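Participant: Here's the letter readout for the chains.
4 protein chains.
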Amino acid sequence: MCIIYDVQIRARYNETDKMGVVYHANYINYYEIARTEMLRNTGTYSYREMESDGIMMPVIEVQSLYILPAYYDELLTVRVTIKELPTAKMTFFYEIFNEKQELLNTGKTVLAFINSATRRPCRPPQKLINCLKAKL
Amino acid sequence: MCIIYDVQIRARYNETDKMGVVYHANYINYYEIARTEMLRNTGTYSYREMESDGIMMPVIEVQSLYILPAYYDELLTVRVTIKELPTAKMTFFYEIFNEKQELLNTGKTVLAFINSATRRPCRPPQKLINCLKAKL
Amino acid sequence: MCIIYDVQIRARYNETDKMGVVYHANYINYYEIARTEMLRNTGTYSYREMESDGIMMPVIEVQSLYILPAYYDELLTVRVTIKELPTAKMTFFYEIFNEKQELLNTGKTVLAFINSATRRPCRPPQKLINCLKAKL
Amino acid sequence: MCIIYDVQIRARYNETDKMGVVYHANYINYYEIARTEMLRNTGTYSYREMESDGIMMPVIEVQSLYILPAYYDELLTVRVTIKELPTAKMTFFYEIFNEKQELLNTGKTVLAFINSATRRPCRPPQKLINCLKAKL
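Chains as they are written, first to last, in my numbering: chain A, -18 to 117; chain B, -18 to 117; chain C, -18 to 117; chain D, -18 to 117.
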């Protein structure tokens, strides 16, 4: 009843900080990459196409728990999960693992659907719903 | 019973994204800048000094709610609040306002105290406690 | 015969890397901040206004020499210099100093003028020329 | 007489700016990713290992020419070229192409070899020389 998708992201040098670990705000970028790849590979409707079709998905909520640090050059696995079909909002859950399969981070983002022209909330595109329904 | 501190941050071009607004993960950076300036100006113990003294404060939890967008070149006010003395953890609350005093974002971060040498949790430095006690 | 402008930028934690110094690509961001503040304070025509007026200034060339490292929380001075009036292009020179007035970096960027609507090269706005002429 | 290596990098949302294109400083990050992957795949000596062995390679010079913009979600090809064995310095050349094989950017970085402990210049590690010699 879930869509689960794993994306691999290698920690970049510029993402580390002077503590020698990946700076915490970069995990929020990883979340975006993971959900983008999930959308691209789950259906036939990438986020790039959705924006071309006039719908944007701004983030309206972020939560993140940091359990263990990630280090430079590690090949991280970001697991993104959708538990239900989007309504006015769409919620994604994340778990980040290192190469030893240790859980480094869990997170959640909530995104809204916005009409690019009016910048007002809108319903999720039917094409996205259809892609997800086929998988959920 | 609170320490409240306001920091002004001008939104940088590279912090915007193709939606034309400040990319959401950058608010997490703004939080860091705000709490750093608060520590610098509230007491006599900056975060830089604390790290020199062998104590690091990694972020272990982030929460953020996005209400209105921030635009390029806006002079944002990040209000950071401490409500209680740190124990093993230290919690900061944030509100971000634009030039019209509209509330754009609220957030919270929880940080731990870590001994840089052992990378193990430790108690907050007495010097920090003293600075904060004088203000709270 | 030059316009010289100094901007102070405090090195942010997220701008450091695991070498413990400011990651080199961030200097390119500092250049942008410096020239933006120069334009804001030199005349009456900020870059934000210029974009609102339909003219963008994409960077077409960057050069940077790294001499000494910058460290977390240092209050850097970025000195930006214009040596001549813009034609189809506008060239800015940079020097970055630390708190000890040591020269850390020198750089140069060349920017073009682009009409936002057509995305084609255009002449620099007369308003900008006038602001600069009054100072050069 | 050259080592040439191609790396594919997908442009991330947070790397775009309000012009709707990849912000210019991010190309400098792409250069780093490209040379890191080249080192990983060309020999048996990754940059991560080199740092573990006590040698760092700070960037001492960057040059970049921007020809055409890169857009969100494009799968860019970063071609990195080494033309000669490192001495006290190592020079990398870059070309970035979009999916249509249009040349977007050319660049060059010069890196030094530094002993991590002393933070002083040192000779390139023999292991790196050997890896490169076998390919050049």
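Please note: incorrect hints may appear among the correct ones.
One copy or two, it doesn't matter: identical chains are merged, so the pair holds either way.
Unchecked claim - In silico SDA-like pairs for lysine to any residue, Cα to Cα no more than 20 angstroms straight-line: (1) K64 to S33; (2) K89 to L46; (3) K89 to V(-12); (4) K64 to M0; (5) K81 to L117; (6) K116 to I41; (7) K64 to I(-16); (8) K89 to I41; (9) K89 to L113; (10) K116 to T25; (11) K89 to N10; (12) K70 to Q44; (13) K108 to G35; (14) K81 to R29; (15) K108 to Q82; (16) K70 to L56; (17) K89 to I48.
If you're looking for bench data, these hints aren't it; they were derived computationally from the structure.
Quick caveat: nothing in here was measured; it's all calculated off a predicted structure.
Participant: Each hint: holds or not?
Facilitator: Here is how each hint holds up against the structure:
For the homomeric pair K64 and S33, neither the shortest alpha-carbon distance inside one copy (26 angstroms) nor that between copies (41 angstroms) is at most 20 angstroms. Within a single copy, K89 and L46 get their C-alpha atoms as close as 9 angstroms, and across copies as close as 12 angstroms, so both meet the 20 angstroms cut-off. In this assembly of identical chains, K89 and V(-12) lie within 20 angstroms of each other by CA distance solely inside one copy; the values are 16 angstroms within and 28 angstroms between copies. For the homomeric pair K64 and M0, neither the shortest alpha-carbon distance inside one copy (35 angstroms) nor that between copies (27 angstroms) is at most 20 angstroms.
Neither within a single protomer nor between protomers do K81 and L117 lie at most 20 angstroms apart by alpha-carbon distance, with minima of 29 angstroms and 35 angstroms respectively. Taking CA atoms no more than 20 angstroms apart as the test, K116 paired with I41 passes in neither setting, with 25 angstroms inside one copy and 33 angstroms between copies. Only within a single protomer do K64 and I(-16) lie at most 20 angstroms apart by alpha-carbon distance; the minimum there is 7 angstroms, versus 40 angstroms between protomers. For a Cα distance limit of 20 angstroms, the shortest separation of K89 from I41 qualifies both inside one copy, at 11 angstroms, and across copies, at 15 angstroms.
For the identical chains of this complex, K89 and L113 are intra-copy neighbours only, at 18 angstroms inside a copy versus 32 angstroms across copies, given an alpha-carbon limit of 20 angstroms. For the homomeric pair K116 and T25, the shortest alpha-carbon distance inside one copy (12 angstroms) is at most 20 angstroms, but the shortest distance between copies (41 angstroms) is not. Proximity of K89 and N10 under a CA criterion of 20 angstroms is satisfied in both settings, with 12 angstroms inside one chain copy and 18 angstroms between copies. When the C-alpha separation of K70 and Q44 is checked against a cutoff of 20 angstroms, the pair qualifies both within a copy, at 15 angstroms, and between copies, at 18 angstroms.
Within a single copy, K108 and G35 get their C-alpha atoms as close as 13 angstroms, which meets the 20 angstroms cut-off; across copies the closest is 35 angstroms, which misses it. Within a single copy, K81 and R29 get their C-alpha atoms only as close as 33 angstroms, which misses the 20 angstroms cut-off; across copies the closest is 17 angstroms, which meets it. Neither within a single protomer nor between protomers do K108 and Q82 lie at most 20 angstroms apart by alpha-carbon distance, with minima of 35 angstroms and 30 angstroms respectively. Taking the shortest alpha-carbon separations for K70 and L56, neither the intra-copy value of 31 angstroms nor the inter-copy value of 28 angstroms comes in at or below 20 angstroms.
Both within a single protomer and between protomers do K89 and I48 lie at most 20 angstroms apart by alpha-carbon distance, with minima of 15 angstroms and 17 angstroms respectively.
In this structure, the hints that do not hold are numbers 1, 4, 5, 6, 15, 16, in rising order.
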